[in-house]
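Enquirer: Now for the letters of each chain:
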Amino acid sequence: MAKIELQNIAHSYNPQSAEQIYALNPFNMTWEDGGRYAILGPSGCGKTTMLNIMSGIVQPSEGNLLFDGVDVTKLSTSERNIAQVFQFPVIYGTMSVEQNLAFPLVCRNYEKPAIDAKVNEVAEALGLQELLTKSASRLTADQKQLISLGRGLVRDDVAAVLMDEPLTVIDPDLKFRLRRQLKEINQKYRSTLIYVTHDQNEAMTFAENVIVMDAGRIVQVGTPKELFERPKTTFVGYFIGAPAMNFFRCERDGDYSLRFGGNTITTQTRLTELSASQLKLGIRSEYIKIVDTIGQNTIPARVKRVEDLGNHKLVSAVSNDLDIKVKVHRDTAIPAEQVHLDLPAENCCVYADEILVQN
Amino acid sequence: MRVLYTSLKYLAVVLWSTFVIAPFLWAVSTSFKDFQSVTNGATYIPWVDFEPNLEGWRALWKSPAQGGVDIVEPFFNSVFVTASGSLISIVLGTLAAYALSRFTFKAGFIRNGDITFFFISQRIMPPVVLAIPFFIMLGKFSLLDTLAGLIIVYIVLLMPIAVWIMVDFFNKVPVEIDETALIDGCNPLQAFYKVVLPNSIPGIIVAGMFCMIFGWTDFFFSFILTFTEVQLLPVAIVALNSSITPWWSLSAAALVSVAPLVLVAFIVERYLSKGNLSGALK
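Chains H and F supply the protein sequences, listed in that same order. So for the first sequence, our numbering puts the first residue at 1; every next one is plus one. So for the second sequence, our numbering puts the first residue at 1; every next one is plus one.
Possibly wrong hints are sitting among the right ones.
Said to hold, decoys possible - Here are some chain H residues the structure puts well away from chain F; computed CB gaps all over 12 Å: (1) K74; (2) P89; (3) E124; (4) E251; (5) V291.
What the hints assert, rightly or not - Capping the alpha-carbon separation at 27 Å, the derived lysine-lysine pairs in DSSO-like fashion look like this: (6) H/K289 / H/K304; (7) H/K112 / F/K194; (8) F/K106 / H/K74; (9) H/K188 / H/K3; (10) H/K327 / H/K232; (11) F/K140 / H/K74; (12) H/K289 / H/K327; (13) H/K134 / F/K194; (14) H/K118 / F/K194; (15) H/K325 / H/K232; (16) H/K313 / H/K289; (17) H/K175 / H/K225; (18) F/K106 / H/K134.
Since the hints were made in silico from the structure, they are not lab data. Where is the CB? At the ideal position from N, CA and C, for every residue including glycine.
Please model the entire structure based on the sequences and the hints provided.
Expert: Right, dumping it as C-alpha cells:
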C-alpha cells in the first residue's frame, strides 16, 4: 500500500492550445495509505479520468503523480502495481475462475503455493470457492463482477484498489453485502480503496472520506457528515441528500440575519463584511421542524402535499411562493393547512455566490 | 395456412438443396464412368445405366506418360501456397488489425479508418488491374513461376480480408480487457497474446477460413504467374480440358479440389456463428 499524491494534476483534451479544454481541471489531492475513499459526482464530471490517471491508463497532460513520494507519472500501468475494477465485469473468458483470480499473481511471477493460498483466501471471502474450476465465461454477470473484484484484491502489495462503479451490475442484496465485505477487507489489510460512484448512498455508506466532483473540478472533500451538514457549495447541497437541500435567495438583514420571502431568519454566520452579488440560505429538510408556536426562527407556511417514504414523511410546503421540503418522522402529526416551520440557526448555511460562508 | 407455409418452406429448401447438390452428384457419377458411359447419352444410375469403374480416380496420381493426369503435385503446391499465404496473412493481418483497433494513427489527413480502407481497397480493384504490376515485379525479382512468388502475391490478396475481418472483431472486444491485463501486470504485447488473442480465436478462424477459400479457389493469378515449373490445382484441372477431355478424371479432380474446403467448412462451422457473436463479451 502507498500514500498517493496528485500534484497539480490536470487532463486537457487540447494540451497544445492556448485555451485548453479540461476534462479534469488542475488540482492537488492526497490519498492516505489505507484510507477508504469515494469519488462522487454526476456522469461526465471527470471521476473515471481521475481514476485512469492513477492507474496509468490515461497520461495526465499536466502535473505529477507520486506513490510514497516516488514520481510514477511516466511509469506504465503494469509498473505502478495498482488494481482496478471496472463498471462492467471484465473477465478472461478463455480461463477458469481460478486462473482468472491467479492471473495478476502469475503475471508477477509469484510462487505456485503463494498463488494457491491467496486465490483460495480471496475466493472464500467472495464466496467463489464452488466456482473455482468453472469456465469464467459461463457465469452470471454478478459472479463475473465478483471475479473482477477478486482479481483486484488478490495482490497484497498493490498501491491502491481503484473501483469504477463496480457494483452497478450486482443485485441490491449482494451489493449491500459486498460493500460491507470491502470495508472489512480495508480494515483487515489496510488496503487503500478508492471507489467511484454517482450513487450518494453508496459513497456515504462506504467511504471515510468522500470527494465530490462537478464539471472536472473537485468541489468538496470531507466526511459524509461534513458533506451532509456543511456543503461547501450549493451544488453539493443539491447533489448530496434526498431530497436536496432547501435553498432560498435572500438579502442581508443585520450582522447575523437574512431576509427572504418576507421572513427574517437568524443564523450563526457573521455576515457583516460580506460583499456578494447573490446570497442564498440553505437548510436540510431533515433539520426543519414543524412547530405549533411562533418563535424567533419560525416562518409561516402552507402544506401543499405529504408523501409517505416508509419510515419518514416528506412534506412539501409553500411560504410566500417559496417551496420548502420538510422531512419528518412518520409518526409526526401534520396540520391540514397552515403550519409554522422552525429553521434552527445552527443548521442554517449561508452561501455567497454559491459558496458557503464560513467564519 | 400454417401447413401451406411449412410446405412451401420445405419445398424451397428441397429446390435449393437440389440446386446445390446436383452438380456434385453429377461430378461424382461422372468420375466413376468410362469413355462409353460419358459419350453414349445421359446415364445416371450406377450398375443400372452404366458400369462404374475407378479409372478416373486412378488417373489422378498416374503420370501423363502412364496415361494419367497427375494432380498430386499441383494439389500439394496448392496446399502449400494457400496454407502459407493464409497463415502469414492471418499473423500480419491480426497484428495490423489490433493496432488499427487500439491505437490512433495520424499522418496528415490520414486516420485509422483511411488505413483500414486502404487495405480493403486492394480487394475492390479488379484482379486484372494487378496482374501486370505483379508480373513485372515478380519478374524483376526472378520470382515468376515459383511457389515463393505465388505466396507473396497471395499474402497481398489475402491480408486485406484478414485485416478487414479482424479490425471489426477487435472493435467489438471491449478495450477494458486490454486495460485490465495491463493493470494485472502484462506489458502491451503480453496483453495482446495472453488475453486478447485467446478471446479472438473465433474471429481468427473465420478470417482464416475466408483466406483459405479465396486462396484455394484462385485461378487467375496462379494461371498468369506460373508457366512450367509450378502448377497449382485450379490450373492443372483446367488444363485437362483439351480436345479429348477425360471427363471422368476431370470430375474426380474437381471433387478432390473441393474436398479440402468442405472439410474445413465442417470443422469450423461452429466457429462461424460464434465468430459473429463473440464481440458481446460484456
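Enquirer: Hints first: check each against the structure and report whether it holds.
Expert: Verification of the supplied hints:
| no. | hint | result |
| --- | --- | --- |
| 1 | K74 | holds, 15 Å |
| 2 | P89 | violated, 7 Å |
| 3 | E124 | holds, 21 Å |
| 4 | E251 | holds, 52 Å |
| 5 | V291 | holds, 54 Å |
| 6 | H/K289 / H/K304 | holds, 16 Å |
| 7 | H/K112 / F/K194 | holds, 19 Å |
| 8 | F/K106 / H/K74 | holds, 23 Å |
| 9 | H/K188 / H/K3 | holds, 18 Å |
| 10 | H/K327 / H/K232 | holds, 22 Å |
| 11 | F/K140 / H/K74 | violated, 48 Å |
| 12 | H/K289 / H/K327 | holds, 8 Å |
| 13 | H/K134 / F/K194 | holds, 19 Å |
| 14 | H/K118 / F/K194 | holds, 22 Å |
| 15 | H/K325 / H/K232 | holds, 20 Å |
| 16 | H/K313 / H/K289 | holds, 12 Å |
| 17 | H/K175 / H/K225 | holds, 22 Å |
| 18 | F/K106 / H/K134 | violated, 43 Å |
Comparing the model with each earlier hint shows violations of hints 2, 11 and 18; every other hint is respected.
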